[in-house]
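> The primary structure of each chain is shown beneath.
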Amino acid sequence: MKKILLLLVSVMFTLSSYGQSSIDYSPVNTVTQVGDTLIMKFQYFKGDGNDLTLGQLDFEYNNKLLSYVSHESQAPTGASFARNNWTGYKFVPKADSDEDDMDVQYTWWKDEAGANSYETGADWSVERVTIQSASALENGQEFIKYSFKVKDKFGSGYSNYNDIIKVNWANYQESDGTQIQTTRSKDGQDLSGIEGGNAGNFVINLKTANTDNYTDYSYTVKNGVGESVATGTFDESGQASISDLENNVTYTAEANLTEAASYLDEVVTVSDLALVFAEAIGAGSGPSGGSTTFDYFVQDIMADVVGDGGVVDFQDSYEILAYLQGVDSSNTNLITQDGQTEDYSGIASTYGAVANDVVTFAKSFTPIDSDASSKTIDLAHGLVGDVNFSHSYTPVVESGGKSTSARQSSARYSKRDSEDANIDLISEINDEGQVVFSINSDVEGMVGSQFNIVYDPNVLSLENVIFDTGNTMTNFSNIVQNGIVRVGSFDQNFESTVKEGTPYKLIFTPLETIENTSGLISFRVKEGVKADGTKINFIIQ
Amino acid sequence: MKKLLLILLTFTILIGCAKDDEFLEPITNEEIPQSLQIKELIGIKLENTIVTDRVAMNVKLPLDGKYRIKIRHGINNELISQEMIEAEEGDNLLRVYVASLDKSGYMIQLTDEFHNVLGNQSFVVN
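Quick mapping for you: the protein sequence lines, in order, are chains F and E. Residue 1 is where the first sequence starts when you use our numbering, and the numbers rise one by one after that. Residue 1001 is where the second sequence starts when you use our numbering, and the numbers rise one by one after that.
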């Protein structure tokens, strides 16, 4: 008996489903991009054997995600057609009912809900289509086609394109007014895989060792054809926020340091010189160089200050030496210096990577809406001449590091290890009324040292620099600019060292009567380098 | 008489050529501007905290001797300028020249010759 009842219920259910007509709605075309035109068709399928002469359907679409473009009636010849629309309304289905039951929802709207069938909803627009024909509509007859423009969901308040179109109810009748039971083909129309659109807030993080001066850096974002689409400067934290980039579009980004920065003459120092000399002596040059002393391939680029294709040789070291000495080599060079920068930048994770023996600085990125991590990039920056990365980013990419075998093949001069040492820098007025600035050092083993001394040129005139560094050191002193003098020594053979005691003494003549010298002389760069390449940071008590 | 005149003339020229500060009278408290007066026995004081070019400074010392005046960066305490003075006990009116310093916050510090701190004051180069 149980089996018979079960069979009966099954048959009734099948007959019940079979007996319903349906309103089918689906896209005619495939849309993939914001801005594409979506064409939707609304179609009648006959399921109950009755003759449909009146078809009326009511649907709503999300007007924040779709923009109505046009409609095209598909009513058969001789049939009447009408289309109505109301913006700012949303259907309220009958409570505790099947929302797919279109004739129930129609009856709810018509006879039961009164003013409660629609509520205001700024994000929604309601469309209603009516087709009436003297003759029965064919199974599969389309009612109408709508064209909508797919809008950017950025700023819409919606995170996806689900349920952007929903049929609310359908009124299917026979010619004698008999209501035809109707269902809908789906709860709502979704769109997936929509690309493009505003990428929203896009962040660039600047990566540099020059962390005190982030605001001196600018960024430029270009599109695929090289047009600049966003420019600006980084904020104090090294970040830049960009809007107006689009999802699924590939851009490039680069960073540049302003040539007006006041500290450019502090970027390339005697420590860099020592590294380049060591590399030149080691005859290592280029990514495939076998006896390199550098730790990173990018150092080949930074050390190539004459710009001959990443080859690091004595030309480069002597060019830097000439620069530090204030000697005009009559060559043009790429050394970062007062009023001149030569920038390299790229995505930090691949900055300085080597591919096919070429050091690379990949700059491209593609925001993807579904991938939050693609909305942020770390942009690394380096300066030519800054071989010890004092003001530049140190590569992290594995292929950017030189091989273990190369590391073992020669002394490593490029290591960024440094040590501190105490010195005493002091100014005083001597018996002759001159201002004497003394650099007192007990540091041993320095093959090079450099001091950038700043003085007030309106009060002091530099008369002389007295060296007592030993007999074989190459000493240099030159006025970098009015009020800044660079003083130092270097032994390019890495054998002699700066003599302890008072290796440097600067003599100034006051241009006005002064009782003391507080503030008149200050120091910026103050560093030394040992024969093994270790940088010495001078600490003044 | 001629000899006497010659001696007088020579003496007058010598006085004229001598450095003024050798003849500076010891500074009394009344001569110190209110803005530079230091109540304690030892200390350092600037006439203004916000400075653009130069500013008067009083360094009050316990004894004659050598002292250091240091200027440190206001954030990282790094020493960026230092002078050695040889000064007398009591008030010493001096100057701080800031024209070549970056616009920033600083600390000026008085120490003895062996870096023992005797006083300090913050200031801003504007």
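Calculated directly from the structure, the hints in this document are not laboratory data. Hints may contain errors.
[Unchecked claim] For lysine to aspartate or glutamate, the following EDC-like pairs were computed, each having C-alpha atoms within a straight-line distance of at most 16 Å: (1) E:Lys1066 x F:Glu72; (2) F:Lys375 x F:Glu398; (3) F:Lys94 x F:Asp111; (4) F:Lys186 x F:Glu72; (5) E:Lys1066 x E:Asp1102; (6) E:Lys1103 x F:Asp212; (7) E:Lys1066 x F:Glu428; (8) F:Lys145 x F:Asp24; (9) F:Lys499 x F:Asp468; (10) E:Lys1066 x F:Asp378; (11) F:Lys41 x F:Glu72; (12) F:Lys505 x F:Glu463.
[Claimed, not checked] To give an idea of the chain F side of the interface with chain E (calculated C-beta under 10 Å), a few residues: (13) Val126; (14) Leu321; (15) Phe523.
Where a beta carbon is used, it is the ideal one built from N, C-alpha and C, also for glycine.
> Indicate, hint by hint, whether the structure satisfies it.
How the hints compare with the structure:
1. Using a Cα cut-off of 16 Å, the hinted pair Lys1066 (chain E) and Glu72 (chain F) is violated, with the two alpha carbons roughly 98 Å apart.
2. Between Lys375 (chain F) and Glu398 (chain F) the CA atoms are separated by roughly 24 Å; this puts the pair beyond 16 Å, and the hint is violated.
3. A C-alpha spacing of about 11 Å is found between Lys94 (chain F) and Asp111 (chain F), which places the hinted pair at or below 16 Å, so the restraint holds.
4. The suggested pairing of Lys186 (chain F) with Glu72 (chain F) is violated, with an alpha-carbon distance near 22 Å, which exceeds 16 Å.
5. At most 16 Å may separate the alpha-carbon atoms for a hinted pair to count; Lys1066 (chain E) and Asp1102 (chain E) exceed this at roughly 28 Å.
6. At roughly 14 Å between alpha-carbon atoms, Lys1103 (chain E) and Asp212 (chain F) fall within 16 Å of each other, so this suggested pair holds.
7. Of the supplied pair hints, the one linking Lys1066 (chain E) and Glu428 (chain F) holds, its CA atoms being roughly 11 Å apart against a limit of 16 Å.
8. For the given pair, Lys145 (chain F) sits about 12 Å from Asp24 (chain F) by alpha-carbon distance, which is consistent with the 16 Å threshold.
9. Using a Cα cut-off of 16 Å, the hinted pair Lys499 (chain F) and Asp468 (chain F) holds, with the two alpha carbons roughly 7 Å apart.
10. With a C-alpha separation of about 52 Å, the suggested pair Lys1066 (chain E) and Asp378 (chain F) falls outside the 16 Å cut-off, and the hint is violated.
11. For the hint linking Lys41 (chain F) to Glu72 (chain F), the alpha-carbon distance of about 9 Å falls within 16 Å, and the restraint holds.
12. With a C-alpha separation of about 11 Å, the suggested pairing of Lys505 (chain F) with Glu463 (chain F) holds against the 16 Å cut-off.
13. Using the Cβ-Cβ criterion of 10 Å, the hint placing Val126 (chain F) at the interface with chain E is not satisfied: the shortest such distance is roughly 63 Å.
14. Of the supplied interface hints, the one on Leu321 (chain F) is violated, with its beta-carbon coming no nearer than about 27 Å to a beta-carbon of chain E, more than 10 Å.
15. Here the hint on Phe523 (chain F) is kept, as its CB sits about 6 Å from the closest CB of chain E, short of 10 Å.
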